[in-house]
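Colleague: Dock chains G, S and H against chain W, hints included.
Residue numbers (this note's numbering), protein chains in the order written: chain W, 1 to 341; chain G, 342 to 724; chain S, 725 to 978; chain H, 979 to 1269.
Accuracy of the hints is not assured; some may be wrong.
As the list claims (entries may be wrong) - Capping the alpha-carbon separation at 25 Å, the derived lysine-lysine pairs in PhoX-like fashion look like this: (1) Lys-478/G with Lys-719/G; (2) Lys-391/G with Lys-371/G; (3) Lys-544/G with Lys-1094/H; (4) Lys-719/G with Lys-1094/H; (5) Lys-544/G with Lys-554/G; (6) Lys-371/G with Lys-675/G; (7) Lys-1144/H with Lys-391/G; (8) Lys-677/G with Lys-371/G; (9) Lys-371/G with Lys-437/G.
Stated by the list, open to error - Chain H is nowhere near these chain G residues, computed Cβ spacing over 12 Å in every case: (10) Glu-434; (11) Leu-510; (12) Val-548; (13) Lys-554; (14) Lys-631; (15) Val-678; (16) Glu-683.
If you are wondering where the hints come from, they were derived from the structure by calculation, not from laboratory data. Everything numeric in this text was worked out from a predicted model, so none of it was measured. Positions of the beta carbon are idealized from the N, C-alpha and C atoms, including for glycine.
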Amino acid sequence: MTHHPDQSLPRSRQSISGPILGPGSRRVVGLAALAAVVALLPLLLPNAFYFDVAIRIAILAVNGIALNLLMGYTGQISLGHAGFFGLGAYGSAVLTTHFGWAPLPALLAAAGLTAVIAWGVARVILRLRGHYLAMATLGLGIIISIVLGNEAAWTGGPDGMPVDGFSLFGLTLSGERQWYWVFGGLLIATVILAQNLIDSPAGRALQALHGSETAASVAGIDVGRRKIAVFVLSATVSAMLGSLSAHYSGYINPGIAGFLQSVELVIIVVLGGMASIYGSIFGAVVMGLLPQILAGYEGWDSVLFGVILVVTMIFLPRGVVPSLATRLRSAGVTGKGGAAC
Amino acid sequence: MRFFNMMVGVVCALAIGASAAQAPAADPVKVGAVLSLTGSASSLGDPELKTLEMMVDQTNRAGGLLGRLVELVHYDDGSEPGKANVLAKRLIEDDKVDMLIGGTTTGASMAMYPLIERAQIPFISLAGALVIVEPVKRWMFKPAHHDRMVGQRVMLDMKARGYTSIAMLSDTSGFGQSARKEMLNVAQKVGITVAVDETFNPKDTDVTTQLAKIKNTPGVQALFVVTFGQGAVVVTKNIAQLGIELPHYETSGVATREYIRLAGPAAEGVRLPAPVLMVAADLPDSDPQKKLSVDYVREYESRYQTDVSSFGAYARDAWHIWVNAVTQARSVDKAKVRDFIENTTGLPGTSGMINMSPQDHLGLDISALKIVTVRNGKFAIAD
Amino acid sequence: MLTVANLSKRFGGVHAVQDVSFTIPRGCVYSVIGPNGAGKTTLFNLISGLYTPTSGSIGFEGQEIGGAAPDQLARRGMSRTFQNLQICRNLSAIDNVMVGAHLTLNSSMVAGMLRWPGLSRADRACRERAAALMERVGCGAFIRADAAAMPYGALKRLEIARALASEPKILFLDEPAAGLNHTETHGIQTLVADLARSGLTVVVVEHDMKLVMSVSDRILVLNYGRRLAEGTPSEIRENPEVIAAYLGADAEED
Amino acid sequence: MLPELLQFILSGMTLGAMYMLSALGFSMIYNASGVINFAQGEFIMVGGMAASFLSAAGVPLPLACVAGVMIAGLVGGLVERMAVAPARDAEVASIIIITIGVSMILRGLTEILLGKRPHALPHFSGEAPLALLGATILPQSLWVLAAGALIVLGLSLFFGRTRIGKGVLATSYDRLAAQLVGVDVRRVLTLSFALSAVIGAVGGVVIAPISTVAYDTGMMLGLKGFVAATLGGLGSGPGAVFGGLFLGLIEALTAGYVSSAYKDAVPFVLVFIVLVLRPQGLLGAKPTDRI
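Same shape as in the complex, but just chain W:
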């Protein structure tokens, strides 16, 4: 190997003598901490209401991570993602209620159907960029919620429809405490799978096409196919989550697929931090707790919530978790990474 002395690069070469930091080295700690929180939280939760809040946070977090794969990592904005959540929820509800299917096959069928729809949509809209993509996905979500509201014979219309509990092999999940473990486990599994994906060559390809589609395609990445794949993946995860949460809450209405829900997911991703798994969890915690904390301040809740969004985005524009991470690192708290750059 030949080396060329180059005065424009003043740094000594000793920094490469240490191990080259792979992305996976900090994962184990994070995962252990998450698992510990999930495992120990029940000791602190006084009653079923708090379990319910925790469950809803987990649902938001999984949904947020699914959207973050698409938005934060791959750079494709979606303002209609709640639509897929709604498709999953209603798919399960309609198949179990009107056709007497068992919950698990219904869940799988709803997810499969959503995947097919997402695939068809992605093929046409992922050619769009920026705000045009935002508009198209926004439209998609709104169309889904309008259809769910109008087809009253199947969906109960705007008032919604009841959904049976989730049972498998004769066992029925009941009560917030049982469901807590389902959604807690689901969250941990999602974090593991999502991190695996991000740290893999496939994940790198997704992030590359976010950074530069031209560079990605020249490097041999089939940009179109990758975008479609991650869109379908993200939509399918949301759909499965929608099915499960429909069985959990026992009642669904078209609002779950609406624009406000989609915006909520985008807020989770952006507030917590684009391209940050733990950012999405943080965003979900905020979005899950804030409405409960502000519940007593009717009228002011909207103002306070708005102020929190604006202030956070002004002072931590990359989202809470990545911005704070950078600050901590540059302050030398973690003692690694900073020296090399």
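Modeller: Just chains G, S and H now, with coordinates in the frame of chain W:
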């Protein structure tokens, strides 16, 4: 990982803080309410809350219930049924309320009901749809006429006046769609043809398109608009704009003075079924509903400096049904109170004489709905 | 190795490239020069699949590749850098290089999610290789840096490392020295010579005549989208048409 | 059937003029700063609410309307200075969240200050409908159409004739270059927010007598404005005008001839189809990447 510790800290602090904050100081009777105070149904939820707060004050001023003070814990579901579900859980599990009022909308009430049944707590819904009381749900009651009755009352009036072919314009909200379905059923039963069946979004700023279609359909003898709040105002103004001369019916959902004020002269002659509340002063003194209705209107309007609506009146009746049951049961025991609510008999309310039974969690008959009309900017008993 | 015949590209009414033909033999350093707007970058974009030719053909190792997508061309062994840097600023420097190695790894999303056996090992090996490449092109000091935090000169080298990571048969460098100072340009010059010595076919678009003349085996001169001349550096240096085009009106007045 | 069609068209035009004003606001801000302002609907609402409130408090109608529009313009400028300007370098998604936050703040404050009840303004020139070939139109609808036309005219004069207007245009083409030739870009950006708030508020004020206005009416109008702006091509003035009117007409005709239940879905289906066929909108310029 620091974020993690931080997050854990935040969650724990909030959980603990919140649970400490709600430790009972005294021992009041707790009533929980989930209402739509913002969002599309806020024009319904707002008078409901105002009324409940007034009722709590009245009850406490009169010495409380069973010697205990009454406390109202209320949350806003933002007209999102999904949120109502969480908030109901909060009221039941965390605030530990003794009974629940609310669900301004049918969607919210139905979303809350699975929890109600599991927690076995008496629940009086303020929403309109038939589905709330039919089939009968053990723990859920309803003080207001359901949409099928409203439809029956209107159709009876139409029949009496000789209309057999009508146009219907319903909004796309939960209220409008559930009511539309019932109205179509009733029409078929009483032999009225719905010649035009149009819908509109309650947030629309213009419905002249749908109305022009109705106007140009030959043979239509009357127009029935199925909506509430702002939507009714827009429709009424558009009807005047197009010069549609058809007799114009609305539902009890627009029985508010605000409707008359916003729609102005366009509202003249509109016919609608309403609880007696709106025309209480015109009733004979012997009517058991008269005094309580007049009292309610006077107190509400002097306290809030704003017009009463039938929605507030439903909340008033709900309150009295519960107070009546608790007084008879001499306890707030949930199961006992439920039984006494189910056995409410001969209780006068703004909506009529309430006679419940295990088969009937509404307890009203159609006679309590009066057809009123707008005359000189006021509601008056028609004919 | 690469044969371009009668290639044209029109944007609206503008002929960016018109009827250009040339052949690049294996293992040589081939430069494309010409005044601003001569169509050099358009030519690169046509060959690397970013633009579809209006007419003409491009043959690579005996097969027609005109109109093929960039990622398909990458599979065949083509790689390039960009005049306006195309760096993924959301990734670290070394990840940018590893993006270049995309085709050498199993990149299935399912495999990634499930951590397919062997995938981590292959990825680690790829990371070592990427680090070595960064060393080789002279930006080894930034192995742990975020791409967004790197200076311009180092990013130019990073792109070359990324292009090399795909183990290409032919490498296109679009103005590798643009925006660099004298010392940096010299570094690039040595690097290109070094790459050529290792047997790689290198195609360069460049303005810096000193660099072009010293590294090139053959040179193609474009002017207003047309081929003006082609030959060895010494032939080009003495070509009167090239001199006229480069020196413009001044030369004629003299 | 002709009167019916005419009625649909008149109704669609009134609606369309409203969407057009909303869309113009979107386009103006998008042009100057590249931001999609999700608080645009709230500007409309603030204008209408402020005017209704002042009018109800006894302020003469014309004065109340002007004051309502000015208040909205002030709010628009403040929003830019306080919320958007400090985040200038943030990513698109972050700025979207900021404007969503702003819309929540405006909605909440209006609810707290002016209450939840819907308000109406008196009609500017009576409520007696005008007959036109068997169809009818309210005088107020003419006000809406006239206001729309005046704004379009005013904007073209502003951009074509005034120094500051040209500065806004220059900024939209190339912010850096505009700065170099002496345009005060910061002022231009604040101005573009204030101006789009004014345009929206004019819409809010003229439509309030017809449809009433409440603290939460902004969102739907804002969304439709976004759809209209996208249909026409983001950042294109003629695109916004065309997109708004087109959307209004299509909505009215769908409700009239196809299905009133699905008429609200039509704009979104339409924008979907248009974007698939022409990703830059109907009148938008094709974006070019320099590689």
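Colleague: Are the hints correct? Go through all of them and say.
Modeller: Hints and how they fare:
1. The suggested pairing of Lys-478/G with Lys-719/G is violated, with an alpha-carbon distance near 38 Å, which exceeds 25 Å.
2. The suggested pairing of Lys-391/G with Lys-371/G holds, with an alpha-carbon distance near 17 Å, which does not exceed 25 Å.
3. Under the criterion of a C-alpha separation no larger than 25 Å, the hint pairing Lys-544/G with Lys-1094/H is consistent with the structure, at around 15 Å.
4. Between Lys-719/G and Lys-1094/H the alpha-carbon distance is near 23 Å, which keeps this suggested pair within the 25 Å criterion.
5. Of the supplied pair hints, the one linking Lys-544/G and Lys-554/G holds, its CA atoms being roughly 20 Å apart against a limit of 25 Å.
6. Under the criterion of a C-alpha separation no larger than 25 Å, the hint pairing Lys-371/G with Lys-675/G is consistent with the structure, at around 12 Å.
7. Restraint check for Lys-1144/H and Lys-391/G: not satisfied, since their Cα atoms lie roughly 54 Å apart, outside the 25 Å limit.
8. Taken as a hint, the Lys-677/G and Lys-371/G pair is honoured in the structure, with Cα atoms around 16 Å apart against an allowance of 25 Å.
9. Taking the CA atoms of Lys-371/G and Lys-437/G, the gap is about 7 Å. The hint holds against a cut of 25 Å.
10. Listed as a non-interface residue, Glu-434/G keeps its Cβ farther than 12 Å from every Cβ of chain H; the least gap is roughly 28 Å.
11. With a closest Cβ-Cβ approach of about 9 Å to chain H, Leu-510/G is found to fall inside the 12 Å limit, against its non-interface label.
12. A cut-off of 12 Å between C-beta atoms contradicts the statement that Val-548/G is not in contact with chain H; the least separation is 8 Å.
13. The beta carbon of Lys-554/G sits about 6 Å from the closest Cβ of chain H, which is not more than 12 Å, so the claim that it is off the interface is violated.
14. For Lys-631/G, the non-interface assignment is confirmed: its Cβ lies about 28 Å from the closest Cβ of chain H, beyond the 12 Å cut-off.
15. Here Val-678/G stays apart from chain H, with its beta-carbon at least about 32 Å from theirs, past the 12 Å limit.
16. The non-interface label for Glu-683/G is consistent with chain H: the shortest C-beta to C-beta separation is roughly 35 Å, beyond 12 Å.
Violated hints for the displayed structure, listed by number in ascending order: 1, 7, 11, 12 and 13.
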